[in-house]
Amino acid sequence: MPEITLIEGLRQAMDEELARDERVFIVGEDVGPRGGVFRATQGLFEKYGAGRVIDSPLAELSIVGVGIGAALYGMRPICEIQFADFIYPALNQIINEAAKICYRSAGEWTVPMVIRAPYGGGIGGGLYHSQSVETLFCHVPGLKVVIPSTPYDAKGLLKSAVRDPNPVLVFEPKKGYRLIKGEVPEGEGELVPLGQARITRQGSDLSVIAYGMMHYYCLQAAEAVARDGIEVEVVDLRTLKPLDKQAILSSIKKTGKVLIVHEDNLTGGFGAEIAAILADEAFTDLDAPIRRLAGPDVPAVPYSHPLQSWFMPDAEKIAAAMRDLAAY
Amino acid sequence: MATTVEEHSTSLRKDDLIEMYWTMLLARRLDERAWVLHRQGRIAFHISGIGHEAAQVGAAFALRRGVDWVVPYYRDLAMILSLGLTPREFALSIMGKKGDPSSGGRQMPSHWSLRRANVVSHSAPVATQTTHAVGIALGIKMTGDDAVAITSIGEGSTAQGEWYEGVNWAAIHHLPVIFLVENNMYAISVRQEQQMAVRHVADKAAGLGLPGVSVDGMDILKVHEAVSEAASRARAGEGPTLVEAKVYRLTPHSSDDDDRSYRSREEVAEWRARDPLDRFAAQLLDQRHLAPEAVAEMDARARQEVDEAIQFAESALYPEVSEGAYPVYAEDIPHA
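Top line first, the protein sequences correspond to chains R and A. Numbers 1 to 328, taken from our numbering, label the letters of the first sequence in order. Numbers 1 to 336, taken from our numbering, label the letters of the second sequence in order.
Treat the hints as calculated values from the structure; they're not laboratory data. Treat the numbers as computed from the prediction; the structure is a model and nothing was measured.
Simulated DEER-style distance windows between Cβ atoms:
{"no.": "1", "chain 1": "R", "residue 1": "246", "chain 2": "A", "residue 2": "84", "range": "40 to 48 angstroms"}
{"no.": "2", "chain 1": "A", "residue 1": "320", "chain 2": "R", "residue 2": "22", "range": "36 to 44 angstroms"}
{"no.": "3", "chain 1": "R", "residue 1": "195", "chain 2": "A", "residue 2": "317", "range": "28 to 36 angstroms"}
{"no.": "4", "chain 1": "A", "residue 1": "315", "chain 2": "R", "residue 2": "266", "range": "54 to 62 angstroms"}
{"no.": "5", "chain 1": "R", "residue 1": "254", "chain 2": "A", "residue 2": "116", "range": "47 to 55 angstroms"}
{"no.": "6", "chain 1": "A", "residue 1": "261", "chain 2": "R", "residue 2": "266", "range": "43 to 51 angstroms"}
{"no.": "7", "chain 1": "A", "residue 1": "236", "chain 2": "R", "residue 2": "246", "range": "51 to 59 angstroms"}
For every residue, glycine included, the Cβ atom is placed at its ideal position computed from N, Cα and C.
Construct the entire structure; sequences and hints are all you get.
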C-alpha cells in the first residue's frame with residue numbers, strides 16, 4: 001500500500017467524489033488554478049473545470065451561504081474556508097441557517113454540504129492562522145463535526161462527509177497536512193463512517209482521549225511512557241459530533257483513568273463535555289480524577305516561537321501528564 | 001397617473017388580472033384577521049404585509065409558479081398565497097398547529113417554506129436569504145435547468161453585508177436571480193435616510209455591476225412588468241437584476257410595534273389613500289374587467305374563506321410534544 005500524506009488523502013477524497021457525483025463541487029478562496037493555499041485542491045481545477053472548482057470572492061459568509069443555497073437546490077457543495085480562524089463571518093450562515101433548516105422546516109428542506117477548514121497551531125501562524133474552533137460548532141444541534149488525524153481517516157471521513165445528508169464541518173490539522181503520513185489503499189477509497197471513534201493503541205493503565213494533531217502527539221507520548229512501563233490506551237475521536245460515547249465509556253471501564261487532550265482553550269473546550277459525560281456515566285469506573293490537558297485560556301496562539309511552544313500541548317507535555325495521572 | 005391595463009404586461013389575460021386581484025384581496029383579509037386574532041390573545045404574533053400586496057402579487061405572477069424558485073422574507077403573505085399557500089395553511093401557521101406547511105409549528109408565523117411550490121425556508125435574521133437565492137441560481141446554472149430564482153427583502157436589510165456579498169457574487173457569475181427589494185421606507189422605526197446615502201435602493205446596483213430598476217410598488221402592473229423583464233434577462237443568461245418596488249407599510253412593523261412613536265398619523269393617512277388594493281380595484285373597474293357587484297362579491301367570498309380557515313385551524317390539533325425533538329438531522333425525517 002502506498003504511503004501518502006494527510007493532505008493527499010483529502011485531495012484524493014475530493015477527486016473521487018467529484019468523479020463519482022456530478023452534483024459535487026468545490027468552492028472557496030484560491031481553490032481554482034492555485035489549488036488552495038495548502039494545495040488541498042491541487043489539480044482539481046484542471047481536471048473538472050471552473051464550473052466545478054470555483055474561486056469565490058474573498059468573503060467567507062458568501063462561500064457558506066451560496067453553498068447552502070446550492071445544497072437546497074440539490075447540489076453537494078464542498079466549501080473551503082481558508083483558515084478556521086476566518087470562519088467567524090460565516091457563523092450566522094452555519095449556526096442560524098445550515099444547522100437549523102432541517103428542524104425549522106420540519107424536514108422539508110435539508111442541507112447536504114461540507115465545510116472544510118484547516119485548524120490548529122504549531123506552524124508560526126500567530127493568533128489568526130492557528131485557532132481551534134471545533135467546540136463552537138459541537139454546541140450546535142444540526143451540525144456534524146469531523147476531525148481526522150491520519151491520511152486514511154482524512155480520505156474516508158471526507159468521502160463520508162460529502163455523502164452525508166447534513167451540514168458537516170471537517171476541521172483538518174494543518175500542521176499534520178504533510179507531517180502525518182500513512183498507508184492508504186490505491187484506487188477508489190473506502191468510506192470511514194462518521195460518528196465512530198477508534199482505539200489507536202491498546203493499554204490498561206490509563207485512557208487518553210484526543211483528536212487531530214493532539215492525537216498524533218498522544219501516540220508519541222504513549223510510546224515514550226511505555227518505556228517506563230505505563231501502558232496507555234489512545235482513543236482518536238475522529239468525529240466529535242455525533243460523539244461515540246460508547247467507545248469512550250468502554251475504554252474508561254477498562255483503564256479507570258482518563259486524560260483528555262486538545263489544543264483549544266481549556267475553559268468550555270470539548271474536554272469539558274467529555275468530562276461531564278464521564279462524571280455522569282462512568283463515575284463508578286473512575287479510579288482517579290478526570291484530567292484535561294489543553295491550550296491555556298489566552299485569546300489565541302502567539303506567534304513568537306517560545307510563546308507558541310508555551311501555548312501548544314506537545315508530546316513532552318502530554319507524556320508528563322500521563323505519568324502524573326498513572327501515579328495517582 | 002394611473003396605469004392602464006392595456007399599457008402594461010400584455011402577457012396578462014383578464015383571468016390573470018382577476019386572479020391577481022383576488023390574491024391581493026385574500027391576503028389583505030387574512031392579514032387583517034391575524035391582527036384581530038392577536039389583539040384577542042388567540043395568536044402570539046403577527047407580522048404584516050398590508051401595503052405590500054401589489055408588489056408581491058405582481059412579482060409572483062411574473063414567475064412560472066412551481067418552476068421558478070422563491071426565497072422570500074417575512075412580509076410576503078400575498079406572494080406566498082400567489083404561489084399556492086392556502087388560507088387554511090396560513091391559519092394553521094399563525095396558531096402553531098400541526099400541518100403548518102412552513103415548519104410544523106416550529107417557526108414564528110410568516111417565516112415561510114412551501115416545498116411543493118419551491119418556496120425555500122428562511123429565518124428571522126435579515127438578509128440571510130440573499131446568498132441562498134444566489135446558491136440556488138448557481139445550482140440552476142450548473143445543471144442547465146430552465147428556472148429563475150427570486151429573493152425578496154426590505155430596504156433596511158440591504159444595509160447588511162450578507163446582502164452585498166450575495167448580490168456581488170450573482171453579478172460576477174451572471175446568475176439567473178432577481179433581487180426584489182420591497183422598499184417601505186422604514187426598517188421598523190428607522191427611515192431610509194438613516195439606512196443608506198442613496199436615494200433609491202436600485203442605485204446600489206451600479207456599484208455591484210448589475211442593472212437596477214425602481215418602480216412604483218403600489219402599482220401591481222408596473223411591478224409585474226419589471227419582474228417579468230428581470231426574469232427574461234435571467235432566462236436568457238444575461239444575469240441578475242435588482243428590482244426595487246416602492247411601497248408603504250400601512251400597519252406597524254409587527255403585532256409588537258407601535259408606529260405612532262416614529263411616524264405621523266397624517267403620513268399614514270396620506271399613504272392609505274393610495275392603498276394598492278383599492279387602486280387595482282379602480283383600474284379593473286375602469287377597464288371594465290370587473291363590475292362593482294363582482295368586487296363586492298369577491299370581498300364577501302374572501303371574508304367567508306378567512307372565517308372558514310380560522311375555524312378549521314382552531315379545531316386543528318397542536319403538534320405532539322414529542323415532535324419537538326425532531327428532525328434535527330436528515331436521518332430523523334421519518335420520525336417527523
